[in-house]
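Colleague: Chains as they are written, first to last, in my numbering: chain W, 27 to 141; chain Z, 3 to 113.
Quick caveat, the hints were computed from the structure, so don't treat them as lab data.
For every residue, glycine included, the Cβ atom is placed at its ideal position computed from N, Cα and C.
There's no promise every hint is true.
Stated by the list, open to error - Computed footprint of chain W on chain Z; a stretch qualifies when at least three of its residues, placed anywhere within it, have a C-beta under 8 Å from a C-beta of chain W:
1. 36-47
2. 80-86
Claimed, not checked - Computed far set for chain Z versus chain W, every beta-carbon distance over 12 Å:
3. 8
4. 11
5. 30
6. 52
7. 55
8. 61
9. 64
10. 67
11. 113
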Amino acid sequence: KQEVTQIPAALSVPEGENLVLNCSFTDSAIYNLQWFRQDPGKGLTSLLLIQSSQREQTSGRLNASLDKSSGRSTLYIAASQPGDSATYLCAVEDMRAGANSKLTFGKGITLSVRP
Amino acid sequence: DGGITQSPKYLFRKEGQNVTLSCEQNLNHDAMYWYRQDPGQGLRLIYYSQIVNDFQKGDIAEGYSVSREKKESFPLTVTSAQKNPTAFYLCASTGWTAGAFFGQGTRLTVV
């Protein structure tokens, strides 16, 4: 059974810091890995999607990398801002028999960026 | 615009009552999912469906039921057998290359 772990559960940093959020998964047979942002009381917003054949994706101040062999992904946030405060979740979509897929989520990292 | 629509945004249930949460997508995605989220906890999978007329139990299916009669729709019924239904419910869908998309959630409260 796939398990996704995100540590630490919470993080507080001063504005302007560069951040690395980590995600690890136990089964490397994944179809893709996706990072999401969730604001309080809201749904999940997709930030970056990395297909299994890719190593990284970038969008603005965000960069996500994927190392399938070690079962790890990192989300890099450059020059953090108070508006980045949210919960960040990673999810893997597994490759299963018959090409059916299943999403498995980590519990998320709640980030607070202090002005 | 393509996306996932969940309704209602807020729902109140009386003790012993069944309620149904709606989830509709126009992304032409095959797979759809229902998750439950409690304060301070991660997402827990209730049910998922890979194709019309087929669905599988997730980790916490007891007290819930679903149907998948159309590709676009995956409603979730919270039955009276679910003893602690107060939570935030999220619906998602996935396509082959686009990753997962989420609705804005339904907050269910028992009154």
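Colleague: Does each hint hold? Answer for all of them.
Modeller: Going through the hints against the structure:
1. Coverage of the region 36-47 of chain Z by chain W holds [criterion: at least 3 residues with CB-CB distance below 8 Å; count 5].
2. Given a C-beta distance limit of less than 8 Å, the hint that chain W covers the region 80-86 of chain Z is violated, as 0 residues qualify and 3 are needed.
3. A cut-off of 12 Å between C-beta atoms contradicts the statement that residue 8(Z) is not in contact with chain W; the least separation is 8 Å.
4. Separation of residue 11(Z) from chain W is inadequate, the least Cβ-Cβ distance of about 10 Å not exceeding the 12 Å criterion.
5. Non-interface call for residue 30(Z) relative to chain W: holds, since the shortest CB-CB distance, roughly 16 Å, exceeds 12 Å.
6. Not every Cβ of chain W is farther than 12 Å from the Cβ of residue 52(Z); the closest lies at roughly 5 Å, contradicting the non-interface assignment.
7. A cut-off of 12 Å between C-beta atoms confirms that residue 55(Z) is not in contact with chain W; the least separation is 14 Å.
8. Residue placement check: residue 61(Z) does not keep its beta carbon more than 12 Å from all beta carbons of chain W (closest about 10 Å).
9. For residue 64(Z), the non-interface assignment is confirmed: its Cβ lies about 18 Å from the closest Cβ of chain W, beyond the 12 Å cut-off.
10. Non-interface status of residue 67(Z) relative to chain W is upheld: no Cβ of that chain comes within 12 Å, the nearest being about 19 Å off.
11. No beta-carbon of chain W comes within 12 Å of the beta-carbon of residue 113(Z); the shortest separation is about 19 Å.
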